[in-house]
Each structure stands twice: as C-alpha cells, then as structure tokens.
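Colleague: Here's the letter readout for the chains.
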Amino acid sequence: RKEVEQDPGPFNVPEGATVAFNCTYSNSASQSFFWYRQDCRKEPKLLMSVYSSGNEDGRFTAQLNRASQYISLLIRDSKLSDSATYLCVVVGIIAGGTSYGKLTFGQGTILTVHP
Amino acid sequence: NAGVTQTPKFRILKIGQSMTLQCAQDMNHNYMYWYRQDPGMGLKLIYYSVGAGITDKGEVPNGYNVSRSTTEDFPLRLELAAPSQTSVYFCASSLAGGEGIQYFGAGTRLSVL
Numbered sequence: 001r002k003e004v005e006q007d008p009g010p011f012n013v014p015e016g017a018t019v020a021f022n023c024t025y026s027n028s029a030s031q032s033f034f035w036y037r038q039d040c041r042k043e044p045k046l047l048m049s050v051y052s053s054g055n056e057d058g059r060f061t062a063q064l065n066r067a068s069q070y071i072s073l074l075i076r077d078s079k080l081s082d083s084a085t086y087l088c089v090v091v092g093i094i095a096g097g098t099s100y101g102k103l104t105f106g107q108g109t110i111l112t113v114h115p
Numbered sequence: 001n002a003g004v005t006q007t008p009k010f011r012i013l014k015i016g017q018s019m020t021l022q023c024a025q026d027m028n029h030n031y032m033y034w035y036r037q038d039p040g041m042g043l044k045l046i047y048y049s050v051g052a053g054i055t056d057k058g059e060v061p062n063g064y065n066v067s068r069s070t071t072e073d074f075p076l077r078l079e080l081a082a083p084s085q086t087s088v089y090f091c092a093s094s095l096a097g098g099e100g101i102q103y104f105g106a107g108t109r110l111s112v113l
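First to last, the sequence lines map onto chains A and B. First residue of the first sequence? That's 1 in our numbering, and the numbers climb one at a time after it. First residue of the second sequence? That's 1 in our numbering, and the numbers climb one at a time after it.
None of these hints come from the bench; they were simulated from the model. This one's a predicted model, so the numbers in the text were calculated from it and none came from an experiment. Among the hints, a few may not be true.
Simulated restraints on C-beta separations [what the hints assert, rightly or not]:
| no. | chain 1 | residue 1 | chain 2 | residue 2 | range |
| --- | --- | --- | --- | --- | --- |
| 1 | B | K14 | A | S68 | 34 to 42 angstroms |
| 2 | B | R77 | A | A67 | 39 to 47 angstroms |
| 3 | A | R76 | B | D26 | 34 to 42 angstroms |
| 4 | A | E56 | B | G63 | 40 to 48 angstroms |
| 5 | B | V88 | A | E3 | 29 to 37 angstroms |
| 6 | B | I54 | A | K79 | 24 to 32 angstroms |
| 7 | B | S67 | A | N12 | 43 to 51 angstroms |
| 8 | B | S67 | A | A17 | 28 to 36 angstroms |
| 9 | B | G53 | A | T112 | 25 to 33 angstroms |
| 10 | A | E3 | B | K14 | 19 to 27 angstroms |
Just so you know, even glycine gets a beta-carbon here, dropped at the ideal spot from N, CA and C.
Model the full structure from these sequences, guided by the hints.
Modeller: Written as structure tokens, this is what we have:
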C-alpha cells in the first residue's frame with residue numbers, strides 16, 4: 001500500500017461546480033497534513049493546512065479523519081484559475097518523536113475547470 | 001524577495017557526465033530538502049539537511065551527493081549521470097521541521113541522454 005494515495009483524476013468540471021478530492025494515508029503516526037497546489041511545469045505551493053476540526057479558506061474546505069486516515073479537499077464555485085494538480089501531503093515522525101519535516105506526497109489529482 | 005533560487009533551470013547531460021544543481025535560500029531557514037518529480041508522480045525526497053554541516057539521506061539518495069557548508073546553500077551533485085536521473089528536481093526550505101511549511105524553488109529540468 002502506498003504511503004499516501006490519491007485519485008489521479010483527471011477531474012474535468014465546469015466553472016461554478018463543486019468538486020471534492022480524497023486522499024488516504026497509511027501511517028497512523030502521521031502528524032501534520034497539507035494540501036499543496038502545483039500548476040503545470042511549476043513548483044508546488046502550499047494551499048492550506050488540514051486540521052482535525054476541519055478548516056476553511058474562502059472557497060476551499062479541508063477535512064481530516066484520523067480514525068479512517070483520510071483527508072479531503074472541497075472546492076466550491078470552481079474558477080478557471082483553479083485548474084492545477086492538487087497534492088496531498090503528509091508529515092510523519094521518525095524514531096524518538098522528532099521530525100525533520102519529511103513530507104510524503106501523493107501523486108496528485110489533476111483538476112481542469114472549463115468554461 | 002527571492003526565497004528559494006535554483007540554477008540552472010534546464011540542463012541536458014550525456015550519460016556519465018557530472019553536474020551540480022545549485023540551490024540557495026535567503027530566508028535563514030535551517031531545513032533544506034532536495035526532491036525529484038517524475039512525470040505523473042509525486043515528489044520523492046533525495047536528501048535533506050537540518051542545518052549547516054548536517055545532511056542525511058531521504059528515500060532515493062542513490063546516485064546523488066549533497067553538502068551544506070552554509071545555511072543559505074544546499075547543492076546537489078550528480079556524479080555519473082544515468083537516464084534514470086532524467087527528472088525535475090526541486091529544492092525546498094523550511095524554518096521548522098515537522099510543523100514547518102516548505103517553500104520550493106522553481107525547479108531544474110534535467111534530461112540525461
């Protein structure tokens with residue numbers, strides 16, 4: 001089983017649609033969770049952190065379910081500019097409880113928003 | 001506000017050649033990382049550093065070497081380039097380790113022919 005698994009898509013949605021991405025992780029000791037966004041041929045950039053209580057940033061909502069080891073990202077009222085690859089990222093810990101910030105990336109979910 | 005700067009942006013190597021990918025950050029971050037990204041795949045950690053003089057291997061270190069003589073710079077060395085090293089290489093830095101957010105450079109696209 002992969003450490004972090006995402007549905008690669010692609011998701012093709014019209015402007016204004018609501019779209020949801022899912023991600024599962026295998027290491028129950030994982031500490032922190034993020035969604036990064038990567039535009040075509042560009043570097044990844046942080047989109048938002050994911051908290052157990054769920055968090056919202058404008059049209060974006062992220063949720064974490066530790067019991068099911070599951071992370072989600074919901075995008076409401078999709079814009080053309082939302083077209084990108086969305087990377088689910090999990091931060092683990094190493095022996096002794098310390099972490100060097102080892103990010104484990106999912107393969108990404110491709111989103112295309114069309115007019 | 002430069003952030004993380006990588007050079008070169010593109011490079012074509014012949015099999016067996018060597019090169020150094022440069023990475024510099026101006027945010028005084030202690031943690032720095034090198035990743036590679038193959039088409040349609042997530043990023044894989046090659047090497048990381050938690051401070052000047054301290055480096056360690058990530059998931060896919062074979063064929064690469066790093067050094068960290070200063071806080072700012074974290075070069076990645078390919079000694080004997082192989083076609084399997086054709087990839088996009090990203091350098092990143094973060095202020096903290098486990099809870100830190102990582103800032104990425106624009107990447108170096110490397111082809112080994």
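Colleague: Each of the hints needs a verdict: does it hold here or not?
Modeller: Outcome of the hint check:
1. B:K14 / A:S68: 34 to 42 angstroms: 49 angstroms, violated
2. B:R77 / A:A67: 39 to 47 angstroms: For A67 (chain A) against R77 (chain B), whose Cβ atoms are near 44 angstroms apart, the range 39 to 47 angstroms holds.
3. A:R76 / B:D26: 34 to 42 angstroms: 37 angstroms, holds
4. A:E56 / B:G63: 40 to 48 angstroms: For E56 (chain A) and G63 (chain B) the Cβ distance comes to about 43 angstroms; the hint holds.
5. B:V88 / A:E3: 29 to 37 angstroms: 21 angstroms Cβ-Cβ, so the 29 to 37 angstroms window is violated.
6. B:I54 / A:K79: 24 to 32 angstroms: At roughly 43 angstroms between Cβ atoms, K79 (chain A) and I54 (chain B) fall outside 24 to 32 angstroms, so the hint is violated.
7. B:S67 / A:N12: 43 to 51 angstroms: 45 angstroms, holds
8. B:S67 / A:A17: 28 to 36 angstroms: 48 angstroms, violated
9. B:G53 / A:T112: 25 to 33 angstroms: Given a distance of about 45 angstroms, which is not inside 25 to 33 angstroms, the answer is violated.
10. A:E3 / B:K14: 19 to 27 angstroms: 35 angstroms, violated
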